[in-house]
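Colleague: Position chain R relative to chain E; hints supplied.
Here the protein sequences line up with chains E and R, keeping their order.
So for the first sequence, the numbering used here puts the first residue at 171; every next one is plus one.
So for the second sequence, the numbering used here puts the first residue at 171; every next one is plus one.
All clues given are correct.
Remember, identical chains collapse to one label, so a pair may be satisfied in a single copy or spanning two.
Calculated lysine-lysine pairs in the DSSO-like style (CA-CA distance at most 27 Å, straight line): (1) K371 with K424; (2) K426 with K373; (3) K431 with K394; (4) K452 with K394; (5) K371 with K452; (6) K452 with K373; (7) K452 with K212.
If you're looking for bench data, these hints aren't it; they were derived computationally from the structure.
Protein chains: 2
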Amino acid sequence: MFNTVTIVGVGLISGSFSLALKDLGLARKVIGVSRTEASRQKALELGLIDEALPLEEAVRQSDLIYVAIPVDVTIPVMKQIMDLVTEKQIVADAGSTKSALCNALRDHPMRGRFVATHPMWGTEYSGPEAAVHDAFTGRACVICEKSKSDPEIVEKIENVYRQLGMRITYMDADNHDMHAAYVSHIAHITSFALANTVLEKEKEEDAIFELAGGGFESTVRLAKSNPAMWVPIFMQNREHVLDVLSEHISQLRKFKACLEKENTEYLQELIEHANQIRRIIK
Amino acid sequence: MFNTVTIVGVGLISGSFSLALKDLGLARKVIGVSRTEASRQKALELGLIDEALPLEEAVRQSDLIYVAIPVDVTIPVMKQIMDLVTEKQIVADAGSTKSALCNALRDHPMRGRFVATHPMWGTEYSGPEAAVHDAFTGRACVICEKSKSDPEIVEKIENVYRQLGMRITYMDADNHDMHAAYVSHIAHITSFALANTVLEKEKEEDAIFELAGGGFESTVRLAKSNPAMWVPIFMQNREHVLDVLSEHISQLRKFKACLEKENTEYLQELIEHANQIRRIIK
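The shape of chain E in the complex, shown without the other chains:
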């Protein structure tokens, strides 16, 4: 149980994290830090936070500071926070990339008070209104560079995530970023590109709207995701994402070649191979 928790950012992840803490009785008070007055008001109104304060004051009052803002701004904001915290406080982030942040904080004298985490949950929506109850249950949470955080605070953070219903996995930051490129980032690029394909070429929007039942929604759903979140993720993880994206394009070109050459057997093989994904996702 924390006396006071600050969430930096009052959006999808931080807001859902706050709701979970409140629902489970893990925080007496939650303070919100946000750059915009509109978000602060909305977060108060929705009960995501009990009070909105400027960063410095919020950090001073808190036992736990939980940062969930776009991964590019995370780095300077986190440095500012780390310069403020004492040996009695805990800092954690929820960012979708981990190498850049871990590298940026590597030599900070308070590095031990920070735990790098990535709860693997999200939706295509953003902002305070996107926060939901019971968001994280049944999902994985990655903790990176565990050995660089003080053991007692790792235990506390793990304990929070476990109470949220998550299973904990450990990885080094670069491995995390590579896996994240495969299981999340490429799916978003695919979805953005698919949306653009349809918007570009299919001029009869009524027809899409009318017919969009055949697998389209689930594949294109992620294309509604917020660029403020995703541009920095792609840029920070660009090497891994480029790797996966190049492979994905070459896989698509195989399908294209099959159709061009009417090579039914190879098309059959490609699809049978893809079916093996059943081994991995239920």
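Modeller: For chain R alone, kept in the frame of chain E given last:
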């Protein structure tokens, strides 16, 4: 209300169609036609059909013959059925492509007894076990070349689909195939290719399994789909699918170029453009 309905194929679509007819009291008896003894047994066991018969005998006994088998075999089987039916019977299909079939039946003397339909519903599963109750509710059903079917049978088929909870849309067959390439076929290719990308490059399957929460499942779900169904769809609709696939690859290359050149602004633009899909899907 039909006295006797034959479903040709006892899988996802035909099985779900049969369940819907039974649930709504629209068929006194459903006969199943299937090439394999295992499917016939399974369909009987699951209550999808009341009896399994060879095609010719089943057609002879039926008021409505509903065909939902892979689109390549649909053509010869449908010709066989059309050669058997009388002016008192109705034939409909549920195939995902419509041009090839409509063209094949264009000059058949019994063309008027056939309605070309495509109920826009499906899952990544196949076979009798994949059939579910209440499958079609809220989805669109496309009817092609309406004017070539006898008006009174179009009315009957529309009536069935409406009772199943579907809204009816009319298109010519080629238009249907083009729209289907956009709203369904390309999403399947994308998903197959994404599965192959991950299976090819991500050797740590445990990590995918553990982490697959971040958008991966919804995008790759369709990759579990049956090649026996999809190879013929892609081949029959290859021109439209190639068109859309080429555009999709060029859209992906834009993302690739942005990452290679670290062009943040253009990346932002591409994602903002993709976000406009919100206009079309809720």
